[in-house]
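S.K.: Take a look at the letters that make up each chain.
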Amino acid sequence: MSPRAKKAVRTVAVTTVLAAVAVTTIYPLLYMITTALKDRKEHLFNRYGLPHHPTLANFANAWTYAEVGRHLWNSVIVSVAGVALSWVVCSLAAYAFSHLRFAGRRALFLGVLGTMMIAPQVILIPLYQLLIRLDLVNKHIGLVLVYVALAVPFGTYLLTSYFRSVPGSLVEAAQVDGASHLQILWRVMVPIGRPALVTLGIFNFLWMWNELLLSLLILQDKHLRTLMVGVANLRGEYTTNIPLLSAGLFLAAVPVLLVFLLFQSHLTKGMTMGAVK
Amino acid sequence: MRARRSASLHAALFLAPAILLLLVFRVIPAISALGHALTDWNGVGPPQYVGLENFRALLHDPVFRQALRNNLLLVLSVPLWIAVSLVLALLLHHEIPGWRFFRGSFFLPSVLSPVIVGTLFTALLRVDGPVNRGLGLAGVPEQDWLGNPATALPTLVLVILWSVFGLGVIVFLAGLAAVPQELFDAARVDGATGFAHLWYVVIPALRYVIEFWSVNLVVWSFTSLFAFIYVMTAGGPGYATMLVEYQIYEQAFKFNRMGYGCALATALLLLVFGLVLLQVRLMATDEDGA
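Protein chains in written order, with my numbering: chain A, 1 to 277; chain B, 1 to 290.
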């Protein structure tokens, strides 16, 4: 075989393997969407084909009866507040670690990173008891504060390494001109750290939106529940109504699918920040 | 002097929110968990000090043993997760036409919540669902994949693999991009192909990335699977898919055994810590030997 033919054969073989794997990732989502568009009767008789009589009734039912609409709104409140507050808290801490001199800076920085070792599962019980005593159970702010506390170590680490790239002389010059530290943070660090801030925001949004365990414990009230808790319960209530379940799943996945489509390159870059130096 | 004092003051103010949040919602509960592991506590009344009683009970708890066994089986499946991601990353690395599409489609499942993935797969894996139908075409008899104790855990592992292998692909692709192309070219000239190429050239070149990713996966397998278990099996059938992190939740919030739950949590903390140390150690010795 000529080298050229050999290369062509290899390309075909590689493409076949990759396509086979891609089918396994895409088919389940396709099944979810086509099933959501069928009514129960069609789902019985035409389980695997495209819908012959597409209907949006499942989406409407999921939205109102299964309260997906209300839960979606709760999730938006919690994740948006969580992302915004993480930005503020991590930026302030990162500024101190990168441009303010104080005793014990390195030790404190390592301490902040060290708290990453404490997984939520490990502290679940005392955390829950503490939240009851602070009267933060069944309040959105309770979940938001816990999420931000989980987001602080990595966010601070990431932003500190970005802010460090700003030379100290620039900060001193700005101070001589009468700028306060807060102004320097806002006018100098934030614009320079924008790529890191965007990546951080996307990552925090995704995990806060997708999180189940803490949300399940902290927001028990039916009206305050986030979407993932709502969807997890949907499964129990509508086990036999697969089309409605699929519609609920699809609605719950839409925000992350949008983030995926819009920010794929940010995500892939962010994923590898820790892996490759 | 004045400038320095002002910097310290500012540092304290800037760090206060972060430190306060970490102390209140992570450090203090962690210390409290260690303390309450030594008590009998239902969460309502005052905790009763019982010494190491909970840990003694732990050693004889058949559910905990089963959970531990399942967790260790998950850890043993990590090489499979690494291998799948690595092979796919190598195939993508050739940059055949359409590789960006494939990379995107592999990455897609990992942005979905375990709640969505788990629920979707319970529908797909039903006895009358598409998975059985597809396998039926290949002559495999119908199975209740998640309802049968023999198949529940392997099935769960495959669903979890489905949801994360794309992250590994992305990480390994970045690792491959950082390897100088000359290294691969030189290996080819030396006649290293196929498996030899993978074993003697690619894996050593990616050692640190593989190490980083496997430590991640091990920690993750102990601490991030709650949602999969919650929506797919609730630890069953029997205790076939019980994991330590799910047992903590069940003991504390279903049976109100908060003290015992804290003992389980302490065991989990030590386990993860120990395994990570061991893993880093093993990989470090590897390097000395080479």
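Just so you know, the hints here were simulated from the structure itself, not pulled from any lab data. Incorrect hints may appear among the rest.
[Stated by the list, open to error] Quick list of in silico lysine-lysine cross-link-like pairs, DSS-like style, CA-CA up to 30 Å:
no., chain 1, residue 1, chain 2, residue 2
1, A, 269, A, 139
2, A, 222, B, 254
3, A, 139, B, 254
S.K.: Hint by hint, note whether the structure agrees.
M.R.: Checked hints:
1. Pair hint residue 269(A) plus residue 139(A) does not hold up; C-alpha atoms about 35 Å apart against a cutoff of 30 Å.
2. As the CA atoms of residue 222(A) and residue 254(B) are separated by approximately 19 Å, the hinted pair is consistent with the 30 Å bound.
3. Restraint check for residue 139(A) and residue 254(B): the C-alpha separation of about 22 Å stays at or below 30 Å, so the hint holds.
The structure is inconsistent with hint 1 alone, although it conforms to all the rest.
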